[in-house]
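> Residue numbers (the working numbering), protein chains in the order written: chain S, 130 to 343; chain L, 130 to 343.
Some hints here could point you the wrong way.
[Claimed, not checked] Distance ranges between label pairs, derived from CB positions:
hint: 1; chain 1: S; residue 1: Phe276; chain 2: L; residue 2: Asn175; range: 27 to 35 Å
hint: 2; chain 1: S; residue 1: Ala169; chain 2: L; residue 2: Leu336; range: 45 to 53 Å
hint: 3; chain 1: S; residue 1: His310; chain 2: L; residue 2: Glu143; range: 33 to 41 Å
hint: 4; chain 1: S; residue 1: Val147; chain 2: L; residue 2: Leu282; range: 34 to 42 Å
hint: 5; chain 1: S; residue 1: Thr212; chain 2: L; residue 2: Arg202; range: 30 to 38 Å
hint: 6; chain 1: L; residue 1: Arg194; chain 2: S; residue 2: Gln270; range: 23 to 31 Å
hint: 7; chain 1: L; residue 1: Asn175; chain 2: S; residue 2: Ser162; range: 40 to 48 Å
hint: 8; chain 1: L; residue 1: Pro252; chain 2: S; residue 2: Ser315; range: 12 to 20 Å
hint: 9; chain 1: L; residue 1: Glu273; chain 2: S; residue 2: Asp285; range: 32 to 40 Å
hint: 10; chain 1: L; residue 1: Glu206; chain 2: S; residue 2: Gly236; range: 46 to 54 Å
hint: 11; chain 1: S; residue 1: Pro338; chain 2: L; residue 2: Glu187; range: 41 to 49 Å
These are calculated hints, taken from the structure and not from any lab test.
We put the beta carbon where it would ideally sit given N, CA and C, even for glycine.
Protein chains: 2
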Amino acid sequence: MSQVKSDRGSETRELILVTAERLFAEHGVEAISNRQVSEAAGQSNNFAVGYHFGSKEELVVAIVRRHSESVERRRAEMLAEITGSPDLRDWVSCLVRPATEHLASLGIPSWYARFIAQVTTHPALRERVRKESFTSQSMQQAHEGMFRLIPRLPEDVRQERNDMGRMLVVHMCAERERALHEGTASPHSTWESTTDSLVDALVGLWLAPVTARR
Amino acid sequence: MSQVKSDRGSETRELILVTAERLFAEHGVEAISNRQVSEAAGQSNNFAVGYHFGSKEELVVAIVRRHSESVERRRAEMLAEITGSPDLRDWVSCLVRPATEHLASLGIPSWYARFIAQVTTHPALRERVRKESFTSQSMQQAHEGMFRLIPRLPEDVRQERNDMGRMLVVHMCAERERALHEGTASPHSTWESTTDSLVDALVGLWLAPVTARR
Numbered sequence: 130m131s132q133v134k135s136d137r138g139s140e141t142r143e144l145i146l147v148t149a150e151r152l153f154a155e156h157g158v159e160a161i162s163n164r165q166v167s168e169a170a171g172q173s174n175n176f177a178v179g180y181h182f183g184s185k186e187e188l189v190v191a192i193v194r195r196h197s198e199s200v201e202r203r204r205a206e207m208l209a210e211i212t213g214s215p216d217l218r219d220w221v222s223c224l225v226r227p228a229t230e231h232l233a234s235l236g237i238p239s240w241y242a243r244f245i246a247q248v249t250t251h252p253a254l255r256e257r258v259r260k261e262s263f264t265s266q267s268m269q270q271a272h273e274g275m276f277r278l279i280p281r282l283p284e285d286v287r288q289e290r291n292d293m294g295r296m297l298v299v300h301m302c303a304e305r306e307r308a309l310h311e312g313t314a315s316p317h318s319t320w321e322s323t324t325d326s327l328v329d330a331l332v333g334l335w336l337a338p339v340t341a342r343r
Numbered sequence: 130m131s132q133v134k135s136d137r138g139s140e141t142r143e144l145i146l147v148t149a150e151r152l153f154a155e156h157g158v159e160a161i162s163n164r165q166v167s168e169a170a171g172q173s174n175n176f177a178v179g180y181h182f183g184s185k186e187e188l189v190v191a192i193v194r195r196h197s198e199s200v201e202r203r204r205a206e207m208l209a210e211i212t213g214s215p216d217l218r219d220w221v222s223c224l225v226r227p228a229t230e231h232l233a234s235l236g237i238p239s240w241y242a243r244f245i246a247q248v249t250t251h252p253a254l255r256e257r258v259r260k261e262s263f264t265s266q267s268m269q270q271a272h273e274g275m276f277r278l279i280p281r282l283p284e285d286v287r288q289e290r291n292d293m294g295r296m297l298v299v300h301m302c303a304e305r306e307r308a309l310h311e312g313t314a315s316p317h318s319t320w321e322s323t324t325d326s327l328v329d330a331l332v333g334l335w336l337a338p339v340t341a342r343r
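With the sequences and hints as input, model every part of the structure.
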C-alpha cells in the first residue's frame, strides 16, 4: 500500500472512531447502525465500518482502546509514585484519577464517559468492555494495594463492592460530562472535585461494615 | 362509553404498558418507536400509543406510576414502623427495601429495574422520571430521618451523595434483575442479599469523611 493510501486509511479509521463514539454516547449503541456511523463520518461507502473494523463490537473495542492507553499510562505513573503507601486514599485514587484526568484532558464537550456508560450497560457488549477497561494489570495492582489496607471481606461482598465502585465511577463521570457539556454544572464542580467526591465515596464503600447474613 | 368498551380500553392500556416496559428495558427508550410498541402489543392501530398516552414521555411516566404506587405504599408502612428510630440503617433501608421488595414481588423475569436504568440515563427523560420516582413525600421523609443521624454535610456534597446513592440502587438492581433473568446470579444472591449489600454501601457512602477542598 502506498503511503498516501495508508495515511488516508488511518484518517478514515480515526474519523469513524470519533463519530461512532459521539453517536453511541448520544443515542446508545443499539439505536445506531454501522451504516449511520459510516454516513455521519462522511463515508460514501456505507460499509466503511465493516471494512475498517469488521463488526460493531470490534468498533466499540477500538474506541475503548483509543482511550485506555492514556488512562493506563497515567495509572502506571501514579502506582510508581505510591509504592508501599499505607494510605488507603492513595490506592483508591489510582482507581479513579487516571480516568477523570483523562476525561479532563479531552476538553468540552467530550463523549467518552457517556459512551462508557452506554456500552457497560449494553447486554451484549458489557462483558467485553469490562475486560478491556477494568481488568488491566494496573487496575489489578491498584486493587491489590487497596485490599491490603481494608479489613478482609467475603469474596462475594468483594465482588459486589467492586461492581458498585465501578458503577459509581462510570455513571458519575457520565453525569459530570453531560453537565459540563450542557452548561448545567455548578461553577465549583470540576473533574478535580468529582475525583475527590468519588474517592471519598469509594473509601466509605470499601470500609463499610458488612451486615451479618447468608 | 359502554362498560365493554371501557374494559377493552384499560386492557389495551395495560398491554401497551407491559410491552413498552420490556422493549425499553431490553433495547433502550431511544431505539424503540411508538409504532414498534403498538405492533408488539398486538395493536392493529399503529397509533395506539399516541391514542392512549399522547407521547412517549407520557408512556414512560405511566409505566413508572404503575409501579411507584406499590413502592410508595411499602415505604409509608416502613416509615410508620421506625418513627423516631436512632438507627441509621433503618432510614437507609427505607430508601432501598421498598424498591427491592417490589422488584422481588414481580417474579422472574421482571423488567422494571432495567427499564428504570434506561430511562434515568436518557437525556430527555431523566429529570421527569427522577421527579416521579425519587422525590416523593415518603422519600423526603426517609432522607430527613437519615440526615438527622449523620454528620452535617455541605449542600453540594449532600447533593452528590444523593446522586451516587440513587445510581447505586438503580444500577445494582438492574444488574441483579438481569442476572436473575439470565440465570447467572449466584445461588445466595437474592433480592434480600442485594438489599443488605446496598444498605451497607449507602451507610458507608453517607458516613464517609469529606476531603477538605473547594
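> Taking the CB of Ala169(S) and the CB of Leu336(L), does the distance hold inside 45 to 53 Å?
47 Å, holds
> With 32 to 40 Å as the target window, see if Glu273(L) and Asp285(S) comply at their CB atoms.
At roughly 33 Å between Cβ atoms, Asp285(S) and Glu273(L) fall inside 32 to 40 Å, so the hint holds.
> Mind checking the hinted window 34 to 42 Å against the Cβ distance between Val147(S) and Leu282(L)?
Check passed, 39 Å falls within 34 to 42 Å.
> Given a hinted range of 30 to 38 Å, is it respected by the beta-carbon distance of Thr212(S) and Arg202(L)?
54 Å, violated
> Range first: 41 to 49 Å. Now tell me if the beta carbons of Pro338(S) and Glu187(L) are that far apart.
Taking Cβ atoms as reference, Pro338(S) and Glu187(L) lie about 44 Å apart, which means the hint holds.
> Does the Cβ distance between Glu206(L) and Gly236(S) fall inside 46 to 54 Å?
50 Å, holds
> Taking the CB of Pro252(L) and the CB of Ser315(S), does the distance hold inside 12 to 20 Å?
19 Å, holds
> Using the beta carbons of Asn175(L) and Ser162(S), state whether their distance is inside 40 to 48 Å or not.
Once the Cβ atoms are compared, 22 Å apart, the range 40 to 48 Å for Ser162(S) and Asn175(L) is violated.
> Can you tell me whether the CB distance of Phe276(S) to Asn175(L) sits inside 27 to 35 Å?
Cβ of Phe276(S) to Cβ of Asn175(L): about 56 Å, so the range 27 to 35 Å is violated.
> Quick check on a hinted range of 33 to 41 Å for His310(S) and Glu143(L), using CB atoms only.
38 Å, holds
> Could one say that the CB atoms of Arg194(L) and Gln270(S) fall in the range 23 to 31 Å?
At roughly 48 Å between Cβ atoms, Gln270(S) and Arg194(L) fall outside 23 to 31 Å, so the hint is violated.
In the structure shown, a violation is registered for the earlier hints numbered 1, 5, 6 and 7, in ascending order.
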